[in-house]
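Chains as they are written, first to last, in the UniProt record's numbering: chain H, 1 to 302; chain Y, 1 to 318.
Hints were generated in silico from the structure; no laboratory data involved.
Please note that a few of the clues may not be correct.
Stated by the list, open to error - Away from chain H, derived, C-beta distances all over 10 Å, residues of chain Y:
id	residue
1	Gly70
2	Tyr178
3	Thr223
To be verified - Computed list of lysine-lysine pairs in DSSO-like fashion (alpha-carbon distance at most 27 Å, straight line):
id	chain 1	residue 1	chain 2	residue 2
4	H	Lys127	H	Lys188
5	H	Lys188	Y	Lys26
6	H	Lys127	Y	Lys26
7	Y	Lys119	H	Lys28
Being a predicted model, the structure only gives us computed values, none of them experimental.
Note that the Cβ used here is the ideal one computed from N, Cα and C, for glycine as well.
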Amino acid sequence: MTEATAAASDGPEARAALAPELMTWDSKARRVVTLYVPLACFLIILLFPFYWMAVTAFKPNAELYDYKQYNPFWISSPTIAHIKHLLFNTSYPRWLWTTMLVAIASTFLSLFASVLAAYAIQRLRFKGSQYVGLGIYLAYLVPPSILFIPLATMVFRLGLFDTPFALILTYPTFLVPFCTWLLIGYFKSIPYELEECALIDGATRLQILTQITLPLAVPGLISAGIFSFTLSWNEFIYALAFIQSSESKTVPVAILTELVSGDVYQWGALMAGSLLGSLPVAIFYSFFVDYYVSSLTGAVKE
Amino acid sequence: MSATATAAWKNVRQEPSWLVRLFDWKPLLVFLCLLPAVGLLLVFLTYPLGLGIWLAFTDTMIGRGGSWVGLENFEYLAEDPVFWNAVFYSVFYTAVATVGKFALGLWLALLLNQHLPFKSLIRAIVLLPWITPTVLSAIAFWWIYDPQFSIVSYIVVDVLGLRTTYFDFLGSAWPARYSLIAANIWRGIPFVAICLLAGLQTISPSLYEAALLDGATAWQRFTQITVPLLMPILAIVMTFSIIFTFTDFQLVYAITRGGPVNSTHLMATLAFQRGIPGGQLAEGAAIAVAMIPFLVFATLFTYFGMARRKWQQGEGND
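Using the sequences and the hints given, assemble the complete structure.
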């Protein structure tokens, strides 16, 4: 909606509506200085590290360490040697696979738990439901940095150390609170009358959940799902603490601990690894931008 | 023939209705629905939280169960200059990064709230730093902060000629501290900007029109309308931001690992270093537990300092 109005705002009516504003202070030059210049600076600063990452990943080593002869902002002879090295000389594909597996499994686990919990809290309206909701919200405020040491001892005692299950089971601690709150907000926006109608028609609670509420909450489910996927893909501290063997590390941990070896950093390979590791999330993101924005802002507004 | 058919039909109908009625019995249904989420959180969040607090009062090491030692860990930490340095840097890091993030984030949100071409594309680009894995963007910053091949040094020294020597971003204590804060601000701006933008969009334009008719200046409109109406959402975003900045781990671990000479250790990185590679689980747990009072204080401060005017949200207490 807002995009549509923004796009239409160049029309004459929008101009007319803005007229008082324009008269007081908003001359064209001023608009450029106060709006477009700062915005351009913001965008350049926010994007520069990615550009730099990409440029480094495709530069041959000779260019990488010679700013005098080659312009550092451009690649004279692009190479895919760094990516090749990554894919064939390291366990990078394996790390990608592990990360994907862990992210997908923990996302589905969290979604399953959160849908049921959110439905119970928002729609079954039992006694004390708001306290359960509050408790789940407070759980979101407990940061992983406080939990990883006791969790490490637990994981070790449960015999899950160094297995993907250690991550699949611990990631929901930060995914479930987030998803539950997001879905409570979504369920709230679905008219309760629909469920009442179904109830009168003789549907059971489970039928209502699976056939009426869930189909209507699909946008919410997508938001929660992609968000959980992103959060699990980006998770670092648990993966660092609970996984030891080189093959079963996740991408963020593996790049930092396996590719950084010795005194000479292979910046080309490091940047190529970072770029490839960001890519799945970035692709995901580009398809679902609006879901990301709505889940980000929705979770905060609740 | 018809009689047996009816009997069979009745059987089929009664069988599921018993099970279905069990699932329609509300207490059981509530229990079953809450079981996965609450169970997961109790086992993997509440229990470890308690266990962590208990560990802080023992002398547990990796591979050896501990026994109760009372406040010994905390007494030891109280005399440890590295710990106090981590406390200082955690507070400093959080304070400076939060101010920077919110000042720049609010500015960006105000810019994005104007009529712009390609608005949704710009918004999508803005969120990118927040979407990519922190560690991976931190590695990019590490490369940007390289002492020999830093692109920032190249621009300042070789292109602009403002300095004669390259920056030593991570080589000594204070430059390293500020470099990490800059990277944290870079990563935090999108989150703040997009959340505040959502808050800005809920403010009715008619308020600005009314103020404009009454002759309010742009600055007055900002301080009298935008800021008060943004306060509730600002309080929540700030609470989150402070908590996750104070307990930050990835950025520091990826870029400096606490160096040079322990000057950039945050409490989380120090807890990790002592607890996991160092093997002193109890000491690590004590450092982690020492973060809790700061977090509680910060949360209460932002929440009660800024969010008390709940009616501004236009909703009841929910």
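Which numbered conditions among the earlier hints are violated in the structure presented, ordered from lowest to highest? Every hint satisfied by this model.
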